[in-house]
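2 protein chains.
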Amino acid sequence: MDISPITIPDVVVRRLPIYARSLAYLAEEGIESVSSQELGERIGVTAAQIRKDLSYFGEFGKQGIGYNVEYLLGHIRRILGLTDSWPVALVGAGQLGQAIARYEGFSTRGINIVGVFDNDPDKVGMDLGRLIVQSYAEMAKLIDNQHIRLAIVAVPASQAQQVVDQLVEHGVRGILNYAPIVVQVPDGVWVRHIDPVALLHSMTYYLAREEARSHVDQQ
Amino acid sequence: MDISPITIPDVVVRRLPIYARSLAYLAEEGIESVSSQELGERIGVTAAQIRKDLSYFGEFGKQGIGYNVEYLLGHIRRILGLTDSWPVALVGAGQLGQAIARYEGFSTRGINIVGVFDNDPDKVGMDLGRLIVQSYAEMAKLIDNQHIRLAIVAVPASQAQQVVDQLVEHGVRGILNYAPIVVQVPDGVWVRHIDPVALLHSMTYYLAREEARSHVDQQ
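Sequence order for the protein chains is D and R. Each residue of the first sequence is one higher than the last, beginning at 0 in numbering that gives the first Met the number 0. Each residue of the second sequence is one higher than the last, beginning at 0 in numbering that gives the first Met the number 0.
Because the hints were derived from the structure by calculation, they are not lab data. Among the hints, a few may not be true.
What the hints assert, rightly or not - To give an idea of the chain D side of the interface with chain R (calculated C-beta under 10 Å), a few residues: (1) Val-12; (2) Ile-17; (3) Glu-40; (4) Val-87.
Note that the structure is a prediction, hence the values are computed from the model and not measured. Each residue gets a CB set at the ideal place from its N, CA and C atoms; glycine is no exception.
Build out the structure end to end from the sequences listed, making use of the hints.
Written as structure tokens, this is what we have:
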């Protein structure tokens, strides 16, 4: 039996958390209803896009009244499976891994980092506040015992594929990869990449063009 | 005068840094030529996509021989404006800002963080190895004097818009925003967002569906 007969485009799935984030801010501000126009302005998409995205999941909002913030937020959270918090394994306890382990913005948004792991004996045992760095052997045990399905990979590029293979072998199905390399995974495993340098480079493209143009204009 | 009469889709511009990153690894490994097929497998896109993306910028590669790695890498770097390194201002010296300041992967890929700034008097003066945290007043001076066009924003969501406004006022045209909020900028300013929680949530969508399905299957 298939739960969702309509396949939702991944680009829509990727926008839903942004809607949820923005609705959560509105709720915190005590705002009870919001039009697709207002929500779109906050998020940087058109009102039509929001209406189209949400139409995959049913009927929300009323013409002229807008969306009820709490109701829509609750519904998107259910769609995203965020009614409970998700246990997450963090691999890599270098500078970046340490910052991720200490970042408070995960737990407030349903992401519960339950273990930090590193294969460097100098890092194992390190106290990161709420968590102590553990070895890879402990990682496998924790993933098995707690049925962990999500992991964050913050190891050097040269180690990323090996770490991902190990995570997948133990049943991890969603990986947030900070290593600047595209990792290979079998079907049914999701990977999202974060590469700040690549994002900066996609902007230098435009800036370099502007500067070239202004040099030409000045001639 | 317009330098590039053809408008390149932003999605293509965003893929170019990934091609460059992968080609740089190939070059390091001493590999001299690569087919669009092999490059695609490393990056997770089809060979046809690579050929189409690169066709915006001219003719590369020969049927049956593939792309010359160094030549294509050099060309993509020129397209991206990466022949020189870019000076970048980093705003925010909390846990995340400190990790960014210390991360060595920026300078090796043409991104030179030239200043770290925070408005917290307790953080100003903090030694981050190569850089000392400075005040926002110093930030404005540095951006003006060094004509900085790129910035990384790693401040709390509540401060992000104000920081971005100040950066834009001083001429910054590209912003990598780590704050979990969509910031508003005038036309001609580029923003890329990094929100690890939103990326994780876009995977919980699929995982929650899988688990619901397996529960049903077991009934």
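Earlier hints that do not hold, by number
none
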